[in-house]
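Participant: Letter by letter, the chains look like this.
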Amino acid sequence: MTALLRRPAALLGLLLVATHLVVAISAPWIAPFAPTSLLDAPLEPPNATYWLGTDDLGRDAFSRLLWGGRVAMLVAFAAGAVAVLGGALLGLFAAHRRGSFDDVLMRLVEMKLAVPTILFVAIFVTGFGQSVPVLIVAVGIIQMMGVVRTTRAAGIVLMEQGYVRAAQLNGESGATIILRELLPNVADLMAVEFALRASSALLLVSALSFLGLGISPPTPDWGLMVEDGMALLESEPALVLAPALCIATLVLGINLAAEGLSDALGLDAARGGGG
Amino acid sequence: MRWGWMRREVAVADPVLQVCDLSIAWCGPDGRANRVVDGVSFDLAAGGTLGIAGESGSGKSTLARALLGHCRAGSAITSGSIRLDGDDLAALSEPELARRRGRLMAMVPQNPLASLTFHMPVGRQLEEVLRWRAGLSASAARLRAVELFGQMGLPEPERLARRYPHQLSGGQRQRVVLACAIACDPLLLVLDEPTTALDKTTEAQVLDLIRRLRAARQGAMVIVTHDLNVVADICDRVLVMQHGRIVEQGAVGTVFAAPREAYTRVLLGAALRVEEASRASCASRTAPGPALLEIAGLGFRYARPSLLRRAPLGPPILDNIGLTLARGEVLGVIGESGSGKTTLGGIVTGLLAGQAGEVRFDGAGLPGLAARRTREQRRRIQMVFQDPLSSLNPRRRVGDAVMRPLRLFHGLDQREAARRAAALFEDLGLESALLSRFPRQLSGGQQQRVAIARAFAAEPDLLICDEITSALDASVQAQVLDHLAAMQRRQGTAMLLITHDLSVVWRMARRVAVMQGGRILETGQTEAIFRNPANPYTAALLGAATRAARAGQPELVDTKG
Amino acid sequence: MISLVLRRGALSLVTLFLLASFIFFATEVLPGDALDVSLSADEIAMMPPEVLARRRAELGLDRPILERYTSFLGGLLRFDLGRTIITRAPVADIVAMPLRNSVALAGLTLLLALPVALAIAMAAAQAKGRLLDNAVSGAAIIGYSIPEFVTGLLLIAVFAVWWPLFPATITASTDDPLSVLLAAAPLAVATTIIGSIAYLGRILRVGLIEVMAADFVERLHLSGIPRWRILWLHALPAAMIPGLSAAALYAASLVSGVVVVELVFAYPGIGAELVRAVTRREVHVVQAIALAAAVCVVLFNLAADLGIVALDPRTRRS
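Protein chains in written order, with this note's numbering: chain A, 1406 to 1680; chain B, 45 to 605; chain C, 118 to 435.
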């Protein structure tokens, strides 16, 4: 942790993430107006009452901005957690078991890599409808496949280590070997993966919302706000630029923290990225 | 030979290379400088061959690179000079150094496979040096490359030149990098661990080639190695390094016959001396007891990975192996990498399953994989691995590692297991305070003793030790082996001691089996086989391993002159 | 060598077959049939049951699932992607031109981004740890932290609104020649290029730095071989390999990026078609677009695999 704090870029990243988290959690108390209440003044320019002005339906843009990260962050962090926990267990199980289970799993991972993420979610949304749980599961599965790859690769290296061999020779069960010998040794990797997956999930969710395939109106959401405000870019640029800036700073913060974390832990973040 | 006429006329007394008070430091991540070469001074005359000996981490490879004026990123020369042919390499700029590299000084790097560009045929890599460093035209370089490959003793040089590094054998790759280094007939040739990756037969051939090259040219040679046998074989002067400093230097005969420094004595103490009485320190039953382990006709092949999972088998790794081991007996299994000795150990412990033959343990057939064996069989057969650090889970306290088998096999509760673990630690000369440490907080020797404690915690009847000292410093090896012998005597455990290090077998085992190419060449009493090897391969192994000891004998010093 | 190419090709076909199956089952089987998801609950409630049944029969939805699956696969072999549910227009006609436009956008992006990314990566790797390298790494991390639609909007704000150099949205239509279309879309191309450079530059930089620390580079350096030769002839081909291994990931992210960017700039490609199809629940169109994208990614990946084989003789052992 101290190694992490010594890196200025990582520190900046942690600060950005912390700020966004605090704002998102305390939005109900600090937002001056309810995010969905229609005030009587549409398209007000920024002023003392409406700090960022109001949108075309007369909702306070500043309040919506404070609220706008909540659902996206919920989906991103939940999907990141699903991806890392599920991915690590699957990856380590495949590394431990090998054989046809491993083969099938790797084919699935490769298959997923061939479907662009947005299309993957689009397929899910077509089949299951558009809702937050569907989003979490779809985004989680997408991110999970990348985690399966990295943890499986790490697990295969670990399986060759003397302490895993010794446990196998003593007849320890597969569950004991995975949970006791393998899992603690991929904890660092999982921490970095969680950050990378969350940032990538956040990018995906806001892009989906922007396309109208993610979070549905009237929920306040940065991606949706950008989409709504696009037509007003010329007259009220704040309506578009403020939420865009929020998405960018949050993702940047997570990425900087992840980079710093993987540096401090001696891992290679560039290899884990994407997917 | 072509380089015969290129000899340089240098007065013998004039040193070609003068290193004076050289220090090299690495800058750590915390900003502190860490000296890896510390105040090193030596001279080397033309025609001389200097051996730089030391264990890993002694700074010998850093010193070797500095002799070409090169420090890896993050390190720098902090003081001193390296005078070669009148210039101080430490003071030259990078372009000035580049002009001299390859021509004036050249290096044969440590790992030939990684040191050759994998995507380029080896012929083109030699031609590149000839064109860009020796100034030959493209066609002349092509002819000269084939000629040089021929002089290196490479078969069919023209065809070989078109092959990629991974398609060559280890010995061939070593000859290719050697050809690249001597392509411009440098004044100083630095060889970094030139034989480490090779088997003993190939090592002898490569050393022979180096000897011939030295005879044909007048330049100086520096050989960096951890193997005192190589130094004894080919160098006339030796320089022993530890922690970046020179511990001792002098003529090979003098230093090996009468080492002045304690560290040199430790290094030489590990050398095999078959003239002395065997020091086999493990208790071994003299009367042939009932057989504990019987192996007959054992064969093993790896399944080739295949798309269709029909998994055809690869070439035989083990072929018709037969062995017996009595209760309480210690058997040394020696052989080089690729001899199948580790596979044999893996089959006995249950990491792998053989496809042919039979393994019987205590009169009953032993199933292949550990998972198929009974709990009692698993308890009775234990293993100690080569790399001490990787044999302990870095995320768990070392006490956990020892207590786990106590609880698993003997059903002890937490308190009782902790008590027994502490007792085992004491038996192995480890303080019980270490129980709560993590593996990384222990030294290599301590880690390996913890691994031994873990194996003995199960109270096994058979212990397989696979190269358990090869990752340890010479000074620590003896200590670990002494503790292992003491535990073996106390518990009367039978041991299969797998190693490439003949001195370990000499020290520990009354009986020995020699393996090569997946077969057992001969089995018998260690003293009888080591003094009078019947098999030519065994004789070659022993010849290579006893060079350091022979170099210290007076009659050999004389012939070396 | 030839057998290797054939084997990789066959593997790609297997992947495509599995993908087609996945797309079919994910969109058509669960949780309702195509008609259920294309019509709203009100519409279904208002339809007389016999009309509903006739529509089902017309669409073949009354047939058992396996039969529909085999006819779906059979259709694919004949390049017959089916008809839309509402208008009964052939899906292939709807998808063809937008697909052409999107492929052109992606291809132009790759063509322009790759050399720039390579140059940046080489410059950064040469200056590892120094100011230039840190600046490049910093720019890369910012580059891939900003979603494409934000980059696009910023470009519009700067180059179309405040400083009106280019049009904000594209006025060309779907069937225009590619040259007209791409010439009308400089900001869209710029947006996808920025993302690609950040992504490719990062991977290539890491690969180059790794290779420049390899033993064979040190040996060449210690032989006095000129630095430019080491970099271009020895290090660069080796550094391309990790980049090519990540090709599938890159291709997939490029397609995702193109979809979004098309929406931002109203570029007439598959992005707009996809969003329209998903919101209207046009199952066959979503299937066709997903398949087309998968074919592109798989082909790109196949090419990259063969590139690795060409660069690394160690992979050529059969």
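Keep in mind that the hints were calculated from the coordinates and are not lab data. Do not take every clue at face value.
[Claimed, not checked] Keeping only pairs whose Cα atoms sit at most 25 Å apart, straight-line, the calculated SDA-like set for lysine to any residue is: (1) Lys245(C) <-> Arg1412(A); (2) Lys244(B) <-> Gly179(B); (3) Lys245(C) <-> Ile121(B); (4) Lys245(C) <-> Ala522(B); (5) Lys244(B) <-> Leu486(B); (6) Lys245(C) <-> Val1427(A); (7) Lys244(B) <-> Gln458(B); (8) Lys245(C) <-> Thr1424(A); (9) Lys244(B) <-> Glu475(B); (10) Lys245(C) <-> Ser514(B); (11) Lys245(C) <-> Ala584(B); (12) Lys245(C) <-> Lys244(B); (13) Lys245(C) <-> Ala1414(A); (14) Lys245(C) <-> Gly197(B); (15) Lys245(C) <-> Leu136(B); (16) Lys245(C) <-> Asn1452(A); (17) Lys245(C) <-> Pro359(B); (18) Lys245(C) <-> Ala117(B); (19) Lys245(C) <-> Ile358(C); (20) Lys244(B) <-> Pro359(B); (21) Lys245(C) <-> Phe162(B).
Participant: Could you run down the list of hints and mark each one as holding or not?
Facilitator: Status of the hints after comparison with the structure:
Taking the CA atoms of Lys245(C) and Arg1412(A), the gap is near 17 Å; set against the 25 Å cutoff, the hint holds. Distance hint between Lys244(B) and Gly179(B) is unfulfilled; the C-alpha atoms sit about 37 Å from each other, more than 25 Å. Pair hint Lys245(C) plus Ile121(B) holds up; C-alpha atoms about 20 Å apart against a cutoff of 25 Å. Pair hint Lys245(C) plus Ala522(B) does not hold up; C-alpha atoms about 44 Å apart against a cutoff of 25 Å.
A C-alpha spacing of about 34 Å is found between Lys244(B) and Leu486(B), which places the hinted pair above 25 Å, so the restraint is violated. Only pairs whose Cα atoms come within 25 Å are accepted, and Lys245(C) paired with Val1427(A) is rejected, the gap being roughly 37 Å. Taken as a hint, the Lys244(B) and Gln458(B) pair is broken in the structure, with Cα atoms around 49 Å apart against an allowance of 25 Å. Using a Cα cut-off of 25 Å, the hinted pair Lys245(C) and Thr1424(A) is violated, with the two alpha carbons roughly 32 Å apart.
Using a Cα cut-off of 25 Å, the hinted pair Lys244(B) and Glu475(B) is violated, with the two alpha carbons roughly 40 Å apart. A distance of roughly 36 Å separates the Cα atoms of Lys245(C) and Ser514(B); the hinted pair therefore is violated under the 25 Å criterion. For the suggested pair Lys245(C) and Ala584(B), the alpha carbons sit about 48 Å apart, so the restraint of at most 25 Å is broken. At most 25 Å may separate the alpha-carbon atoms for a hinted pair to count; Lys245(C) and Lys244(B) exceed this at roughly 41 Å.
For the hint linking Lys245(C) to Ala1414(A), the alpha-carbon distance of about 17 Å falls within 25 Å, and the restraint holds. For the suggested pair Lys245(C) and Gly197(B), the alpha carbons sit about 41 Å apart, so the restraint of at most 25 Å is broken. For the hint linking Lys245(C) to Leu136(B), the alpha-carbon distance of about 23 Å falls within 25 Å, and the restraint holds. This hinted pair does not check out: Lys245(C) and Asn1452(A) have alpha carbons roughly 48 Å apart, beyond 25 Å.
Of the supplied pair hints, the one linking Lys245(C) and Pro359(B) is violated, its CA atoms being roughly 45 Å apart against a limit of 25 Å. A C-alpha spacing of about 10 Å is found between Lys245(C) and Ala117(B), which places the hinted pair at or below 25 Å, so the restraint holds. The straight-line distance between the Cα atoms of Lys245(C) and Ile358(C) is roughly 20 Å, inside the 25 Å bound, and the hint therefore holds. Among the hinted pairs, Lys244(B) with Pro359(B) is consistent with the structure: their alpha-carbon atoms are about 22 Å apart, no more than 25 Å.
Between the alpha carbons of Lys245(C) and Phe162(B) the distance comes to roughly 24 Å, so the proposed pair stays at or under 25 Å and holds.
The structure does not agree with the numbered hints 2, 4, 5, 6, 7, 8, 9, 10, 11, 12, 14, 16, 17 stated previously, though it agrees with the rest.
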